[in-house]
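Heads up: the sequence shown begins at 85 in the working numbering, then just goes up one per residue.
Derived from the structure by calculation, the hints contain no laboratory data.
Beta carbons: idealized from backbone N, C-alpha and C, even for Gly.
Please note that the accuracy of each hint is not assured.
[Claimed, not checked] Across the chosen pairs, the derived CB separations fall in these ranges:
1) G331 / A172: 38 to 48 Å
2) L261 / T346: 13 to 23 Å
3) W325 / E234: 16 to 26 Å
4) P219 / L240: 12 to 22 Å
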Amino acid sequence: MGRDAGEVAGIAPTGVICTDDIDAVLNGDVDAVVYTASGDFRPAEAEADLERCLRAGANVTSTSFYGLLHPPSCPPDLRRRVDDACAAGDSSVFVSGIDPGWALDILPLMLSGVVADISEIRAQEVFNYATYDQPEAVRDLIGFGRPLDEVPPMLLPGIPTSIWGPMLRVLADGLGLELDDIVEDVDRRPLGRTIDVEGMGVFEEGTQGAFRLEIKGVVEGAPLLVVDHVTRIDDEMAPEWPRPDHGQGVHRVVISGRPDLTVTIHGDDGDGVTAGGGNATAANRIVNAVPAVCGAPAGPLHPLDLPPVDGRGQLRRAPRE
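Could you build the full structure based on these sequences and the hints that come with them?
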């Protein structure tokens, strides 16, 4: 504590000094809190943090609370507590996805406007997670390097729907659809060779080496909206599955219609880490949303409640050093 945030993050000094005195921060003149602490491994603590901020009158933008990605379908107990906290503090909260959320809601919705006779909208992530600098999540949460007879927490039945179902519902709301059902399909493949990943160690042959996860929003018996994750720990895995056409990871929106439309996005954060660009966009969305969230009515905010989130606050008049 007491160090510059830039020093902690390994970047240039920012002038923002780190503190662990949350009360001092919240008792000050704080308009908003950008909250990105883990909600996967410490959900109760994260929810308590959220309520504390909201009751203190701080608006919150976050990537940590899956249930609030789509407030109308939020679990009732969490929704009640958040509603009460927002009312007490006259505050608002906006949660965006971390994988990254914009690729699953605003981007497919916008692109659907240039296609006719749509039979499917597919939001796809194709990534090698050897580039993802979170070893605990890669091994323990997602299951890479674990035996195939162990189902990792993220792939347990019902968990994908709890994480990505809200994003399908946001897209459905934007398109005026009502989902009849959400269906999960998971295909896991064994690693064909033992590999050593820098920063994460050895992944043994025969353990989980790739998976394809589809979460399908069903309308009138057909999977009209699909979230599709094609995830590998080794580029040689599952060659028949979709592959990135740039580096080791991309996001795509694939719309089947007239015309068939494919839009591919690859973010390069300039740090040599493939996942860095996508992570940066997820963070930038909630930072750039702060002014709109501060100006919104109290309560949990649906993504479609906000005006378009743009980068006007990020424009530079001089080249970046």
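Hint-by-hint comparison with the structure:
1. Range check, G331 to A172: about 46 Å between beta-carbon atoms, so the 38 to 48 Å window is met.
2. Separated by about 22 Å at the C-beta atoms, L261 and T346 satisfy the suggested range of 13 to 23 Å.
3. With their beta carbons about 22 Å apart, W325 and E234 fall inside the hinted range of 16 to 26 Å.
4. For the hinted restraint 12 to 22 Å between P219 and L240, the CB-CB distance of approximately 20 Å keeps it satisfied.
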